[in-house]
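Take the sequences, apply the hints, and build the full model.
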Amino acid sequence: MIGLQHYLVLSAGLFALGVLGLLTRRNAVNVLMSIELILNSANVNLVAFSRYASGNLGGQVFAVFVIVVAAAEVAVALAIVLTLYRLRRTPNLDDASILKG
Amino acid sequence: MSGEALVFWVFAGLTLGSAFVVVLSRTLIYSAFALLVTFFGVAGLYVLLGADFLAATQLLVYVGGILVLLLFGVMLTHRIYDLDLRSETTQLGSGLIVAAGLFVVLTAVALKTEWPGLARMPAPTTAAIGRLFLREYLLPFEAASVLLLVALMGAAMIVRRRRSA
Amino acid sequence: MYELTRSLAAFRPELALLIGLLLVVVADTFAGWGRQLMTRLLTIVSLAAAFGFALELSAAGTRGPLFSGMLVIDPLGAALKLILVAAGLVTVLAFSFRNSRELHGLGHGELFTLVLALVFSCLLLAGASDIVMLYLALEMVSITSYVMVGYLKGDRLSNEASLKYVLFGAASTGSMLYGLSLLYGLTGTTSLRGIQEYLAGGIPDANRFAVYALTLLVLAGFGFKIAAVPFHFWCPDVYQGAPTPVTALLSVLPKAAGLAIALRFFYGAFSVPERGPWDLAGSIDWTALLMLVSVLTMTLGNVAALTQTNMKRLLAYSSIAHAGFLLMGIVALSENGARGLLVYLAAYLVMNVGAFLVVTLVHLHEGSFDLRDYPGLHRRAPLLTLAMSFFLLSLVGIPPFVGFLAKLYVFSAVIEQGQGAYATIAAVNAAVAAYYYFKVLKVMIIDPGNEAKPALELARVDQLRLAALALANVVPLFFWDWIEGWARGALVLYAGR
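Chains as they are written, first to last, in our numbering: chain E, 1 to 101; chain Z, 1 to 165; chain Y, 1 to 497.
No lab work stands behind these hints, which were simulated from the structure alone.
The beta-carbon is built from N, C-alpha and C at its ideal position, and this holds for glycine as well.
Please note that a few of the clues may not be correct.
[Claimed, not checked] The calculated label-pair distances, taken between Cβ atoms and stated as ranges, are:
id: 1; chain 1: Y; residue 1: G449; chain 2: Z; residue 2: L92; range: 46 to 52 Å
id: 2; chain 1: Y; residue 1: P230; chain 2: Z; residue 2: G17; range: 53 to 59 Å
id: 3; chain 1: Z; residue 1: L76; chain 2: Y; residue 2: V26; range: 30 to 36 Å
id: 4; chain 1: Y; residue 1: G52; chain 2: Z; residue 2: V7; range: 57 to 63 Å
id: 5; chain 1: Y; residue 1: L296; chain 2: Z; residue 2: L76; range: 38 to 44 Å
[What the hints assert, rightly or not] A partial selection of chain Z residues facing chain E, derived with a Cβ cut-off under 10 Å:
id: 6; residue: V37
id: 7; residue: L54
id: 8; residue: A99
id: 9; residue: L102
Right, here's the structure in full:
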């Protein structure tokens, strides 16, 4: 029987993988992909809770907004990556070393 | 096992497996297409959870919009003559430790907590979600349009090559 | 339907900004060459109208939920909104495309649209009482900021800064989202009032761990917006890479909005109704956690600022440190704490914008942000140096400047709660901070050098701006009773009943 826990562990895995990508990837587009994994994992949570725990559609509505935000974010982020590439001929983050901590 | 369980495991496997590829693959283009599979897997899970509107939105926006945009990003930021679409990974060890730790913590949260058990039987959601958008969630619904305007304008402005006074 | 009209009546500041935003977009598209003036004028009028409406709301003292519980209006919220709109207005008035060399030749309309969108989003964030609205507003603030930071698209520094900002921000808000999803799962509702009812009803032991975990995740999002440790890493680079007027705006607006929503989230959702909005649910010691964050933030900000020679980075670290002081208002968990927060935010606005204005003007005339180009300014630009000394002394927290009063309020709120050790650490931090503020002052006033260079010819309007901001740092002292009364009246936090 598939229950809430199955989905939650799945999303935990997705979240962890997203964080892994975030921490280890050098290419900006790859980091963006990892962030999308994180957002999707939260969405799976929301929809699973909507189905098994809350009994209302709030989670699904929330998930729709998350998708909207993700789209806007990716658009802006890619615009910036593209400009970075034009200026520096590389989409790699480590090479963006002018600004130091 | 039951049909539902089978479908779940198939989609779960697809989703997680492709997510691994997204994060660990050395070739950027493989990551991008693996992400496509991940999004599809998640859409499948949504259907299983009775979220039909959301599954359709996921496919339309995530696969049809965001992924395509990411693919453009991949293609436009590499030298075309030299299809060196490789992507490097640094400090895999410490990253793995953090990620594993997070997974353990979140799984513990998932399994240990007593979640409320108000189930919602799968039913068509589109009309209900539409009603929610126009009643309870009206303000975020309208505010999102401002967000989209800003993102549209902002992205276009940043990428635009020639600046007209 | 009736609820909608009632909500819209209380939504007037935001509506003014929204209409202004749309008008600016239209004006920028269609107007001829009066465009630059028109967009600027529209922005100022829109912000002024919003300020007027916010004033009206603040005076009316309305409280209650709006838009089916998406937003909440209460006197504290109205006061915060006033500060947010004022921040936008002051920044737009202080800076222009003429006095900022970085902005020369760039599009006017887009930037003004972004400014209006930013203030609008910050107002939504400050009033949010539903996690859907919270997330959406937070992301609106963030995405608008990302675009503004990357405004100097031809500049590598600006571009890298905005990329760092996007990636860091998206990661933080993504984590926050995961935490919010868990909160939804636990409580079955997206409204903060519902969440409060659940938490106040007692958390079963099995769920305590989940609440800890999700709160930490949610704090990631708040911490990022406020630039609190350990989510501050983006701050110096972003402040340095963004055009200085944008930096000035970002140093106040998102920070204030982030603090407002943190206040509302913790005290709206995590409070126990019978005991009033200032007592927190459960035996989870949020105060200690916030205290730790506050101390780390102010210490790190101050220590890092000590060695900076780039003025923008120095002010960035100073900003981080001030976030630590601002958090004192939240840690104090009392009415005095909230009052301290309000006063500190208002003071911080005039001190910070003033300092950034000086940095911008020096850059306009000298072309440099480096402190090493500042010696001899007292001879070449006496008004500028005088104004800067006002701002710096206010930032240090010396009487008779507003900065002193701000610190006084937060310190007394903290001491009143018996958190003496915390107050001591904060005091030490203030002393450490004084060092680098005085260093800048010393360089401008005492250090020799550059005197052979000609005097800085400041435009009349820039002189007026400097004078106005400098006076704003001192004059409020004479109106203290009135401000005190206003802050006291603004302390009602509508905790959802």
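Here's how the hints hold up against the structure:
no.: 1; hint: G449/Y x L92/Z: 46 to 52 Å; verdict: 51 Å, holds
no.: 2; hint: P230/Y x G17/Z: 53 to 59 Å; verdict: 33 Å, violated
no.: 3; hint: L76/Z x V26/Y: 30 to 36 Å; verdict: 32 Å, holds
no.: 4; hint: G52/Y x V7/Z: 57 to 63 Å; verdict: 58 Å, holds
no.: 5; hint: L296/Y x L76/Z: 38 to 44 Å; verdict: 41 Å, holds
no.: 6; hint: V37; verdict: 12 Å, violated
no.: 7; hint: L54; verdict: 5 Å, holds
no.: 8; hint: A99; verdict: 4 Å, holds
no.: 9; hint: L102; verdict: 5 Å, holds
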